[in-house]
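Note that the protein sequences, when read in sequence, are chains A, B and C.
Under the numbering used here, the very last position in the first sequence is 1059; numbers go up by exactly one each time.
Under the numbering used here, the very last position in the second sequence is 1059; numbers go up by exactly one each time.
Under the numbering used here, the very last position in the third sequence is 1059; numbers go up by exactly one each time.
A portion of the hints provided could be inaccurate.
Only part of the chain A face toward chain B is listed, based on derived beta-carbon distances under 10 angstroms [claimed, not checked]:
1) Thr976
2) Ala979
3) Val1007
4) Leu1008
5) Asn1021
FYI, nobody ran anything at the bench for these hints, they're computed from the structure.
These numbers were taken from a predicted model, which means no experiment stands behind them.
Ideal Cβ positions, reconstructed from N, Cα and C, are used throughout, including at glycine.
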Amino acid sequence: MSELIRYGVTRRWSDAVVVGGIAYFVEVPDDPTLSAGDQFEQIFQQVDARLAQVGSDKSRLVQVLVYLPFPSDLALFNRMWDEWIPEGHAPSRACTHPTLAAPGYRVELVLTASVL
Amino acid sequence: MSELIRYGVTRRWSDAVVVGGIAYFVEVPDDPTLSAGDQFEQIFQQVDARLAQVGSDKSRLVQVLVYLPFPSDLALFNRMWDEWIPEGHAPSRACTHPTLAAPGYRVELVLTASVL
Amino acid sequence: MSELIRYGVTRRWSDAVVVGGIAYFVEVPDDPTLSAGDQFEQIFQQVDARLAQVGSDKSRLVQVLVYLPFPSDLALFNRMWDEWIPEGHAPSRACTHPTLAAPGYRVELVLTASVL
């Protein structure tokens, strides 16, 4: 329980931090020049890969804060989210429309997942 | 410790997720046509009910992110919050004014509580 | 694991809450009349002090949500952040630009840290 494990550590952030059986991570799409739909597809793939890296999967997501800077993207995001989330395993979720730190990004996700 | 329990699972989100002794949940008022004050009263009742559902109560809130889309609602929200929170048991709290995903809502709360 | 400890409890919030080996806390600069750079320096000192208070330190930060209401402050904030974070120990981090509840503040941080 006491071990703190960092993945993908840079000067500014770690790709993921695991402690106490919970993985904490943040994702933005690798390619912010893509269309909104392609960014959403890309970020779900990134989340799947990150979950695999930390020893979890999308059936064990705990809570997701969804940042969508463009409110008009919400319907499309929800459609793709509903297909991506495995039925019966949806996380707690909040969705807001803040301005993101990097222009071009159509989505940012703050995630926690169980690794137990 | 390893069990992950979901409450009120829908296609898109769960009403609450409990893992490792912590409940993670998000609330918006059931009725976004109410006045700001009535929405705040309603959401506190919803949080009380959710906490009871997961085996906790408002004396065991850990952290609350308060999203208030209308800055002018802050004074009223704080007054009602201060009455609702049991003295000596206030959680860690951050309050910002983002645009929420659904129009009409005067508040959204992202909460963690201890269920131990 | 089951103990919930609150630090600096007021009517409205606690300065920090520790449960299950994780400290949850929120900081804004003590003096919102300072320049952006001085506010950033001040908040990092406050975080260091809070971490010491709860039995942790900046090498054990888990996740930080950075709220910067002025996007033009980001470059300076990142420069100071990079100097403050100990190399090899960066937390998971998300940065957005919401309106904060109190005017004058150039930054607000929502933090989790391991106390194990």
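A quick look at each hint next to the structure:
The interface hint given for Thr976(A) is violated, since its Cβ lies 25 angstroms from the closest Cβ of chain B, which is over the 10 angstroms cut-off. Violation of the interface hint for Ala979(A) is found here, the shortest Cβ-Cβ separation to chain B being roughly 15 angstroms, above the 10 angstroms cut-off. Taking 10 angstroms as the C-beta cut-off, the interface hint given for Val1007(A) holds, the closest approach to chain B being about 8 angstroms. Residue-level restraint check for Leu1008(A) holds (minimum Cβ-Cβ distance to chain B is 7 angstroms; threshold 10 angstroms).
Because the beta carbon of Asn1021(A) sits about 7 angstroms from the nearest beta carbon in chain B, less than 10 angstroms, this interface hint is met.
Violated hints, in rising order: 1 and 2; the structure is consistent with all others.
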